[in-house]
Amino acid sequence: MNDAVAVTLVGVLGITGSLLVLVSAIAMFRVRDALSRINVFSPATGLGLPLIVVAAFVYDLHAEGFRLGSLLMAIVAVVCLITVSSVASNTLARASVLSGQPIHRKTSPNRLARPPEGVVDVDPDAVDDSEHRD
Amino acid sequence: MRVVVSICILILAAAIIVGLMRVLTAKDLGSRAIVSDLMYFAALGILTMFGMLASSSIVLDAIFLASMVGILATIALARILTRGQR
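If you're matching them up, the sequences are chains A and B in order. So this note's numbering is basically just the index in the first sequence, starting at one, shifted up by 9. So this note's numbering is basically just the index in the second sequence, starting at one, shifted up by 205.
Just to be clear, a hint being listed does not mean it is correct.
[Claimed, not checked] Derived pair list, reagent style SDA-like, types lysine to any residue, alpha-carbon separation capped at 25 Å: (1) B:232 - A:38; (2) A:115 - A:21; (3) B:232 - A:106; (4) A:115 - B:231; (5) A:115 - A:63; (6) B:232 - A:49; (7) A:115 - A:39.
[Stated by the list, open to error] Quick partial rundown of chain B residues pointing at chain A, CB under 7 Å, derived from the structure: (8) 220; (9) 239; (10) 257; (11) 263; (12) 264.
Hints are computed from structural coordinates only; laboratory data are not their basis. Every value quoted in this text rests on a predicted model; they were computed, and no experiment measured them. Ideal Cβ positions, reconstructed from N, Cα and C, are used throughout, including at glycine.
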C-alpha cells in the first residue's frame, strides 16, 4: 500500500472515530439522566471504536502486509464491540432503572403506560342510576 | 502517520478529561457508571494509537482482547448498582 494512502486512511478513520468518542463525552453534559446518558453513549462504542479498529487494521496492513489472522482479529473485534457494548448497555440501563436512579421528566420512559392528559374515567353523559337501585 | 496519530490521541485525551469532569459533577451513581464506561473505551482507543505510534505489531491483538473483555467492567458496575441482585 502506498504511504500517503495509508496515512490518509488512518487519519480519516482514526480522527472520525476519536471525534465520535469526544462528541459522546460532550453529550454526557447535554442530557439530564442516566438513561439518556446510556443512550447517547452508543455512538462511541457502536461507530467510533469500530472505526478505530479499522484504522488499526489499515495500519497493520501497511506495516506488515496482509495476514489472515489480522483480518480475522479485526472482524471479531468489530463484531465484539458492537454486540458486547449493546448487551452491556442494556444491562446497565436495566440496573439503573431497577436501582431507582432519578429520571428526568423529559425522558420519562413509561409515558405509554399512563393514560394521557385530560382523560376521564366515567362517561359524563351516562345516566346515573345509583338512586334507582334500591 | 505520526501527526494524525497524535491528533487522535489528543482528541481521545480531551474526551477522557471531559468525562472526568462529568464524573466529578454527576449527582447519581448511574451517570458515573456510564461515564466511566465511556472513559474505558476512550482509553482503549488511546492504547491503540500509542501502539501505532510505537510501531508495535500487537495493536490489533490489544484492541481485540480489550473489546472482548470490555463487557466485564460494565456488568460489574451494573451489578454494583443493583447491590448484587439481578
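Against the structure, the hints:
1. Using a Cα cut-off of 25 Å, the hinted pair residue 232 of chain B and residue 38 of chain A holds, with the two alpha carbons roughly 12 Å apart.
2. Between residue 115 of chain A and residue 21 of chain A the CA atoms are separated by roughly 36 Å; this puts the pair beyond 25 Å, and the hint is violated.
3. A threshold of 25 Å between alpha carbons decides the hint, and for residue 232 of chain B with residue 106 of chain A the separation of about 15 Å falls inside it, so the pair holds.
4. Distance hint between residue 115 of chain A and residue 231 of chain B is fulfilled; the C-alpha atoms sit about 18 Å from each other, no more than 25 Å.
5. Between residue 115 of chain A and residue 63 of chain A the CA atoms are separated by roughly 37 Å; this puts the pair beyond 25 Å, and the hint is violated.
6. Of the supplied pair hints, the one linking residue 232 of chain B and residue 49 of chain A holds, its CA atoms being roughly 18 Å apart against a limit of 25 Å.
7. Straight-line distance between C-alpha atoms of residue 115 of chain A and residue 39 of chain A comes to about 13 Å, which keeps the hinted pair within the 25 Å bound.
8. The beta carbon of residue 220 of chain B is positioned within 7 Å of a beta carbon in chain A (closest approach about 4 Å), and the interface hint is therefore held.
9. Evaluation of the residue 239 of chain B hint against chain A yields a held restraint, the C-beta minimum of about 5 Å falling below 7 Å.
10. For residue 257 of chain B, the interface hint holds, since its Cβ comes within 7 Å of a Cβ in chain A; the closest pair sits about 5 Å apart.
11. For residue 263 of chain B, the suggested interface contact is broken, since its CB lies about 10 Å from the closest CB of chain A, more than 7 Å.
12. Because the closest C-beta pair between residue 264 of chain B and chain A is about 5 Å apart, less than 7 Å, the hint holds.
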